[in-house]
Structures are given as structure tokens and as C-alpha cells.
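Trainee: Use these hints to put chain L onto chain R, whose structure you have.
Chains as they are written, first to last, in my numbering: chain R, 1 to 114; chain L, 1 to 111.
In short, the hints are calculated from the structure, not lab data.
Some hints could be false.
Ranges between beta-carbon positions, derived for each pair [to be verified]: (1) R:58 <-> L:20: 30 to 40 Å; (2) R:95 <-> L:28: 33 to 43 Å; (3) L:96 <-> R:69: 17 to 27 Å; (4) R:95 <-> L:56: 32 to 42 Å; (5) L:16 <-> R:65: 13 to 23 Å; (6) L:20 <-> R:42: 19 to 29 Å.
These figures come from a predicted structure and were not determined experimentally.
Every residue, glycine too, gets a C-beta built ideally from N, C-alpha and C.
Residues per chain, in single letters:
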Amino acid sequence: SQTIHQWPATLVQPVGSPLSLECTVEGTSNPNLYWYRQAAGRGLQLLFYSVGIGQISSEVPQNLSASRPQDRQFILSSKKLLLSDSGFYLCAWASGGTNTGELFFGEGSRLTVL
Amino acid sequence: SQQGEEDPQALSIQEGENATMNCSYKTSINNLQWYRQNSGRGLVHLILIRSNEREKHSGRLRVTLDTSKKSSSLLITASRAADTASYFCATVQGGSEKLVFGKGTKLTVNP
Numbered sequence: 001s002q003t004i005h006q007w008p009a010t011l012v013q014p015v016g017s018p019l020s021l022e023c024t025v026e027g028t029s030n031p032n033l034y035w036y037r038q039a040a041g042r043g044l045q046l047l048f049y050s051v052g053i054g055q056i057s058s059e060v061p062q063n064l065s066a067s068r069p070q071d072r073q074f075i076l077s078s079k080k081l082l083l084s085d086s087g088f089y090l091c092a093w094a095s096g097g098t099n100t101g102e103l104f105f106g107e108g109s110r111l112t113v114l
Numbered sequence: 001s002q003q004g005e006e007d008p009q010a011l012s013i014q015e016g017e018n019a020t021m022n023c024s025y026k027t028s029i030n031n032l033q034w035y036r037q038n039s040g041r042g043l044v045h046l047i048l049i050r051s052n053e054r055e056k057h058s059g060r061l062r063v064t065l066d067t068s069k070k071s072s073s074l075l076i077t078a079s080r081a082a083d084t085a086s087y088f089c090a091t092v093q094g095g096s097e098k099l100v101f102g103k104g105t106k107l108t109v110n111p
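Same shape as in the complex, but just chain R (with noise of 0.2 Å):
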């Protein structure tokens, strides 16, 4: 069975620090993957995807990056947060190789930036 596994859970972080959230899914080969941002109490906000290895799409200028080294593995970064950088992050993957169906999501990660 599949499965997808999304850390750390929780983040404290000052301002201008850098940041790394991974997500590594297993059971699944060439799946689309995705990064979500939550603010609280709002909806979600799709903030990169990616089709293959290497290969990545960003929705929302801001001050983040993602990349895909490995087949199941999305990394998402930044070199200095700010404080509007704080929310609930999501990972979530898609059957590749068609239009998108069912996503999975992991737990999630919470960041909060002082």
C-alpha cells in the first residue's frame, strides 16, 4: 500500500532562518507530488507541483523553493523565513502519467516564524 510520510510535524523558527521540510512517499512509482500552504482557518493554497524528477512548477512568487531529487521525494525550502512564511504546510501525491485524481495527503507541517 502506499503511503507518505511528511516532516518535522511541528516548527519553531526565527525570522531569516532557513528552512527544509521533506516529503517522501512509498508504494508508488513517478506520482505527481505537491506542496500546499494553509493559513489558519483558511483554505489551500497550491504553492509548487511537479510531474518528474527535476521537474517543478510554481504557483506563487514568494520566498520559497521546492525540488525533487529523488522519484518520491519533495523537499521544500527557503534560505531566510519571514514571519508571513507561518502556516500549515501540506504534502500530497497523485497518480502521475493522467489528469489528476485523488490526492493523498500527509499530516501535514506546522510552521510558526518569530
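Mentor: For chain L alone, coordinates are given in the frame of chain R:
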């Protein structure tokens, strides 16, 4: 950008009542999906309806899609306290790998 917009933003009902949530979207879609999120958790997929379908059922869930009005509704029948959660619609535009979410409806089912 937000594609779907759920209505109402919040809904409070008693156990046993039905809950109806609506979603409107702006552009043509390949499919529309509904998800549930318990507080502080990841989202869980509930149901997917394709653009050529008009209605779909899954247990106590009923989803309708009206592409002429660019709208969908999610009906939860005989609600339970455990149905308390936020519900989101999400759309996939034709030929896209992107799933774009609305802002959600927060449902509270009182015991």
C-alpha cells in the same frame, strides 16, 4: 488563485440532520473533488465527480455537479458528531495536473 468557493463558510447543525455545502467555480473543469479535514490534520479524499457526471453517491454522501452553472453540492445525510470537520471542494482544469482548492466550509454537528 482560488478556483472553488464554498458556501456557507460555516454550518452548525444537530445530529441526525442533513448538511448541504455548495461549491462554485469559474473555469471549465476535468473533475471536481470533495475533501474533508479534521482540525490540524491532513485532508482526506471523499469523492470525485467527473465533468460528464451529474450525481454520485458514497455511503451517506451525495455529490451533484452542474457544469452549466459551474457549481457542485455535497450532501451529508443523517449527520453525526464525528462528521464535524472542514470540507473543501477542489477542481482540476482540463489537461492540468493542478488541483485547486476552495476556502472550505466548517461543519459543526452538535450531539
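Trainee: Take the hints in turn and mark each one as holding or not.
Mentor: Now the hints, each set against the structure:
no.: 1; hint: R:58 <-> L:20: 30 to 40 Å; verdict: holds (36 Å)
no.: 2; hint: R:95 <-> L:28: 33 to 43 Å; verdict: violated (22 Å)
no.: 3; hint: L:96 <-> R:69: 17 to 27 Å; verdict: holds (24 Å)
no.: 4; hint: R:95 <-> L:56: 32 to 42 Å; verdict: violated (19 Å)
no.: 5; hint: L:16 <-> R:65: 13 to 23 Å; verdict: violated (49 Å)
no.: 6; hint: L:20 <-> R:42: 19 to 29 Å; verdict: holds (22 Å)
Checked against the numbered hints given earlier, this structure breaks hints 2, 4, 5; the rest are met.
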